[in-house]
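A.B. asks: Full structure from sequences and hints, please.
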Amino acid sequence: MTSATPAQEIHSLRERLNTWNYQYYVLDDPQVPDAEYDRCLRRLEEIEGAHPDLVTPDSPTQRVGAEPLPAFLPVRHALPMLSLENAFDASELEAFDARVRERLAAGDEDIQYACEPKLDGVAVSLLYRAGHFERAATRGDGTTGEDITSNVRTIRSVPLTLRGAGYPAVLEVRGEIYMPREGFESLNARAREQGEKLFVNPRNAAAGSLRQLDSRVTASRPLQMCCYGVGLVEDGDLPAAHADVLSCLQDWGLRINAESAVVTGVDGCHAYFDNMAARRNRLPYDIDGIVFKVNELALQQRLGFVSRAPRWAIARKFPAQEEMTRLLAVEFQVGRTGAITPVARLEPVFVGGVTVSNATLHNADEVARLDVRIGDTVIVRRAGDVIPQVVSVIAEQRPSEAKPVVFPQACPVCGSAVERAEGEAVLRCMGGIVCAAQRKAAIRHFASRRAMDIDGLGDKLVEQLVDAGLVTGVAEIYSLTREQLIALERMGEKSADNLLAALEASKSTTLPRFIYALGIREVGESTARNLARHFGSWEALSAASESQLLSVEDVGPVVADHLRQFFDSPSSLAAVESLRAVGVDWEDEQVRVSAQPLAGQTWVVTGKLESLTREEAKARLQSLGARVAGSVSANTNCLVAGPGAGTKLTRAQELDVPIMDEQELLQLLDEHAVSA
DNA sequence: CTACCTCGAGCTCA
DNA sequence: CTCGAGGTAG
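One point on numbering: in my numbering, the residue at position 239 of the first sequence is 246, and numbering is uninterrupted.
There's no promise every hint is true.
As the list claims (entries may be wrong) - Listed below are the simulated SDA-like cross-link pairs for lysine to any residue, each with C-alpha atoms no more than 25 Å apart in a straight line:
1. K501 to V591
2. K324 to R388
3. K447 to E426
What the hints assert, rightly or not - Ranges between beta-carbon positions, derived for each pair:
4. P75 to R136: 22 to 28 Å
5. T150 to S19: 42 to 48 Å
6. G499 to I440: 26 to 32 Å
7. S638 to I401: 47 to 53 Å
8. G499 to R571: 44 to 50 Å
9. G637 to G243: 27 to 33 Å
10. Q15 to R170: 17 to 23 Å
11. S364 to R199: 22 to 28 Å
12. A508 to P577: 29 to 35 Å
13. L34 to G243: 20 to 26 Å
14. E532 to E431: 23 to 29 Å
15. L34 to A278: 25 to 31 Å
16. D221 to A508: 28 to 34 Å
17. A278 to M437: 55 to 61 Å
Think of the hints as simulated: they come from the structure by calculation, not from any bench.
Note that CB positions come from ideal geometry on N, CA and C, so glycine has one too.
C.D. replies: Right under this line is the structure:
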C-alpha cells in the first residue's frame, strides 16, 4: 500500500465517489461498474469508522439518514416561492405570449422561451453556502415552509458539495423532488410482498417519503431531485439567460431536466408541447404539463410579477384526465349558511392519480345544464390539483330506470322550508339554528383552529354531541360535563379531560377570532380583523350603524347587511351573551381607523427591500388606500425604489415621479401605524 | 377533493 | 391494533 495518511485517502475516495455519483445521477452517464462504486464506498466507511473525527456531514457515507426528528421546523423563505400561471390550451398560451410581447413592446419580434416538463412531485428549495448543502425546505404557503434537510440529504442526486468553482457564496436552488416511475413500481412491489399499504401514485409516494420524521426511511425511497431555477443568490454572478443558468447548475453538480430546451416564439412552444405530449407516457417520470419561461433574465426583470406569480412564465397543463363512471346517487348537503349543495356519489373511479367517489354538482342550474340522472354513466374529470367535476352525461347509455335529480322541497336534514333567493342559483334551508346540519357546521367552524381553536373537537365528536342533543348552540359546548363526555363513543377519561382543558383555554381569545368564530355570512378572517381594528370593541361593533360598517375596509353593502342582520337577531345576540356568561373573553383592540391617507393614489414598488418583501410593502401601501401598480406611468404618484431598481427607476426620473427609498417608506408606514 | 404522515388514546385480546 | 384529529401537499 502507499504511504497515504487516512485523511488523504478519505479525500481521494470522496473525490472519486462524488465524481462517479455526479456522472451517474446528474449526467445519467455511469462510468464505473456499481461494484467498483460500492467497493470504494465500503472502504471509505471503513476508514471513517476508524477515524470518526474525519467524518464530515457532506461525506458520501452520510446519506443513510439520521435519528428521527421530533418535528419539522418552520423555515422562512428569503424570496417567496411563487406559483405559476396555468394555460389549459393553445390559445391561452398564445395569449400569454401576446401579453409578454406587448409588455416588452417587442412588436413582431419572437421571444426566446426556455421549456421543460413540469414534474409531478414536491417543490423544494435547497440552500448552499460556500458550496455546502445547508438546508432544504418545502414550499409551504410560499412564504414559510418546513425544514426537510435531513430527508433531502439522503437523495443521491442532491450534491452535498457543489463541484468546481465559480458558484455564488450563497445559492438557493429551486426544483422538484419526485419519484421516477420505475422506483415507484419497485417500491410498491416490495410493499405488496410485505403486505403493506401501497402508494396510489408516484407523487404521493414522493410527498409521503419527504414527510418522514425518520430520514432513514426516506433514504430507502427512490427519490430524485431535478432543479429548474434559483432563488436567493449572494456574492456571485449567474449568466444572463435562464437556459445558461441551468447549465451552470449542472456544472455545479445539480441535476437538471434532460428535456430542457430553448425555442423561438410561441410556435416553438407549441411544437415543444406537442412533441412532449406525444412522448409523455414514455418518459421515466410523471409530468403534468410543460413550463415556458422567457429565457432572457433582463426581460424577466422587466416583466416582473403579478401578486403570486411571475409574468414571464406559464405552465401549459395537459388536458385533464377523464374517466367514465356511474352516478349512484345524489345527496344534498346542508352547509353552515344553509346552502343546500347536491353532491354526486359515484362508483369509485381512478382518474388523474386518485380515486374519485364524490363530486359536487354545485346547484340546480348545473344539474339542469348537465341533464344528469341517477343511474347515468357520466364523465368525470380531474385536472391536477383541481377539484373533480362531472363533465357530461353519456346520453346513449342512459338506462331506462334512470331517475331525475329532484331537489328537496324542504330541508333534507331538518325539514324547514327552503328558499331560492332572487337571482341566486343556490337553494337555502331557512331553518337556521333549528337545522342540525347548520348547527353542526356552526360548531365545527366555531371550534376550528383559526377561530376559537378548540383542540380535540373534531367532526365526529360534533356529530355525536349534536345527535345526542347535548349541544344545540355554540355556547352549550362550554357547559358539557366530564360525565357527559365519557359516555360518548371513543371518549375515555383522558380524552374528556383534554377536551375540557381545551375548552377552558379557548375562553381567553381575541376579538378578531371571536368575530370570525361567530360565522357571520361573508365575514371571514380578514374582514373580522378589519372590523375588530376599526371598532376596537364588541360593544362598538354591535352598535355600529350601516354607514359606519360601510366605512370599514373590505365591507360593502352585502357584508354590512349580513352584519346588521346578525346584530338585529335576538337569538344571535343571546348566543353572544351566553358565551360571555360562560367566560369567553378577550382584550379590546387598539382602534386603528383606516384613515386611508393614500386613497386615490397610485404607487409602484421596485428593487430589493431589506426589511420587508415587495409583497408586504405592497400590502401595507394598499392598507393606506394606495393602488399599487406594476409599472410607472405619468399617473404614478410615487415610486418606492430599493437597490437594484432598473428601468422603473429610470422611467420615474424621466417622468418626474417622486421617488422614495426604503427608509422613507418605513417612516411613512410608521407614521400611519401600519403594521400588518 | 384525495392522499399521506404523526400523534394520542381507546379498544381488544392474550 | 384501530380510530379520530390535526397537519401537509398538489
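A.B. asks: Determine for every hint whether it applies to the structure shown.
C.D. replies: Evaluation of the provided hints:
1. K501 to V591: Holds, at about 24 Å.
2. K324 to R388: With a Cα-Cα distance of about 14 Å, the restraint between K324 and R388 holds, given a limit of 25 Å.
3. K447 to E426: 20 Å, holds
4. P75 to R136: 22 to 28 Å: Taking Cβ atoms as reference, P75 and R136 lie about 25 Å apart, which means the hint holds.
5. T150 to S19: 42 to 48 Å: Cβ of T150 to Cβ of S19: about 44 Å, so the range 42 to 48 Å holds.
6. G499 to I440: 26 to 32 Å: 31 Å, holds
7. S638 to I401: 47 to 53 Å: 49 Å, holds
8. G499 to R571: 44 to 50 Å: 45 Å, holds
9. G637 to G243: 27 to 33 Å: 28 Å, holds
10. Q15 to R170: 17 to 23 Å: 20 Å, holds
11. S364 to R199: 22 to 28 Å: With a Cβ separation near 23 Å, S364 and R199 satisfy 22 to 28 Å, so the hint holds.
12. A508 to P577: 29 to 35 Å: 33 Å, holds
13. L34 to G243: 20 to 26 Å: 23 Å, holds
14. E532 to E431: 23 to 29 Å: The hinted range 23 to 29 Å holds for E532 and E431, with Cβ atoms some 24 Å apart.
15. L34 to A278: 25 to 31 Å: Check passed, 27 Å falls within 25 to 31 Å.
16. D221 to A508: 28 to 34 Å: Since D221 and A508 have Cβ atoms about 30 Å apart, the given range 28 to 34 Å holds.
17. A278 to M437: 55 to 61 Å: Given a distance of about 58 Å, which is inside 55 to 61 Å, the answer is holds.
In summary, the structure agrees with every hint in the numbered list given earlier.
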